Amino acid sequence: MSNPHEDEIRARQKSRSIVMGLILGALTILFFVITIAKIRAGHA
Amino acid sequence: MTATILASPALPAEWRDFLALTKPRVMILVVYTAICAMVVAPGTIDPVIGFTAILCVTLGAGAAGALNQWYEADIDALMKRTIKRPLPAGRMDRESALHFGVGLGAFSVLMMGLTVNLMSAAILAGSILFYVVIYTIWLKRRTPQNIVIGGAAGAFPPLIGWAAVTGDVTLLPVLMFAIIFLWTPPHFWALALFVETDYAKAGVPMLPNVAGERVTRRQIGLYTIAMAAVVIAPWPLGLAGPIYGGVAIISTAYFGLLAAHVSFRSTATGVMKDVMRPEKRLFAYSIAYLFILFGALVTDHLVLR
Chain A
1 MSNPHEDEIR ARQKSRSIVM GLILGALTIL FFVITIAKIR AGHA
Chain B
1 MTATILASPA LPAEWRDFLA LTKPRVMILV VYTAICAMVV APGTIDPVIG
51 FTAILCVTLG AGAAGALNQW YEADIDALMK RTIKRPLPAG RMDRESALHF
101 GVGLGAFSVL MMGLTVNLMS AAILAGSILF YVVIYTIWLK RRTPQNIVIG
151 GAAGAFPPLI GWAAVTGDVT LLPVLMFAII FLWTPPHFWA LALFVETDYA
201 KAGVPMLPNV AGERVTRRQI GLYTIAMAAV VIAPWPLGLA GPIYGGVAII
251 STAYFGLLAA HVSFRSTATG VMKDVMRPEK RLFAYSIAYL FILFGALVTD
301 HLVLR
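Chains as they are written, first to last, in the working numbering: chain A, 1 to 44; chain B, 1 to 305.
Worth flagging that the hints you see were computed from the coordinates, not collected in a lab. Among these hints, one or two may not hold up.
Simulated crosslink set (DSSO-like; lysine-lysine; CA at most 30 Å straight-line) [stated by the list, open to error]:
1) K201(B) x K80(B)
2) K14(A) x K280(B)
3) K280(B) x K23(B)
4) K23(B) x K80(B)
5) K80(B) x K280(B)
6) K14(A) x K84(B)
Predicted model, so just to flag it, every value in this text is computed and none were measured.
Can you build the whole structure from these sequences, using the hints too?
Rendered as structure tokens:
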């Protein structure tokens with residue numbers, strides 16, 4: 001049986017990982033859109 | 001620094017604690033004034049790049065807030081208002097806060113420099129360093145004028161927003177900086193007069209505690225006079241039109257009335273139920289005032305230019 005303290009640690013690590021994943025996903029999209037905007041500006 | 005050893009937390013900090021470290025409520029003014037400056041600045045900016053610039057300003061402000069909480073964990077632990085923050089409450093260790101603040105600050109400046117322009121990145125870096133090094137570490141615990149210096153730190157966003165669009169800084173963004181800089185002391189000291197703070201307990205020399213209520217009231221009046229001159233200035237200088245001029249004169253006249261009431265009152269004593277009502281009124285109006293003023297500048301620009 002797992003220790004409740006350890007469960008809490010795992011739960012916090014999991015929620016932090018989810019938030020970090022979402023932030024990295026959002027940044028990936030943002031960098032892609034920035035690249036498109038820069039290319040567009042270069043052709044303007 | 002008078003270091004207090006804060007116990008290391010038994011559990012890793014939650015993501016909400018990292019968010020709390022960035023002082024999200026303070027960011028509203030930061031983002032609003034930066035956007036206003038971006039709209040008013042001559043020229044155009046790609047909406048994606050504009051969004052990125054605002055994001056960088058927000059992240060930079062968050063980094064400054066995190067580093068401020070990292071350094072002030074010892075005094076935050078002594079004050080009722082701040083004792084529940086992640087570090088004094090023991091939900092996060094100081095090293096995590098330091099790494100988070102430095103990482104976030106470096107990321108925001110790098111992203112600004114790579115995607116927007118170098119001038120806005122340089123001002124953003126300067127504003128973070130000013131807030132953390134000059135205000136938080138150097139002067140906050142040393143001078144009762146600390147709020148004046150802190151006001152300068154909060155006044156940088158219009159410069160950054162303007163520079164994001166134009167790549168330079170001219171007189172109008174400097175005046176926008178000066179407006180926020182000179183607005184901060186009357187705004188904050190009005191609050192300090194009616195809120196019972198425990199800065200004295202924490203050893204922070206806030207003006208009302210060090211110089212007394214009478215001096216604080218006089219300083220509110222003096223800073224309001226200086227602020228009024230700077231607020232009106234863009235109109236006669238031809239940097240803003242009559243919409244801004246009219247709104248600035250009327251809203252500043254009302255600010256002046258409220259500030260005069262607070263300045264010329266004698267030290268409040270007695271057992272009246274709401275003895276600090278003028279101070280509360282000035283504080284509440286001062287928040288709306290800044291939003292009205294910058295809103296008028298944007299309206300003036302969109303309608304008349």
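Hints, verified against the model:
no. : hint             : result
1   : K201(B) x K80(B) : holds (10 Å)
2   : K14(A) x K280(B) : violated (44 Å)
3   : K280(B) x K23(B) : holds (23 Å)
4   : K23(B) x K80(B)  : holds (17 Å)
5   : K80(B) x K280(B) : holds (20 Å)
6   : K14(A) x K84(B)  : holds (24 Å)
Of the numbered hints listed earlier, the single one contradicted by the structure is hint 2.
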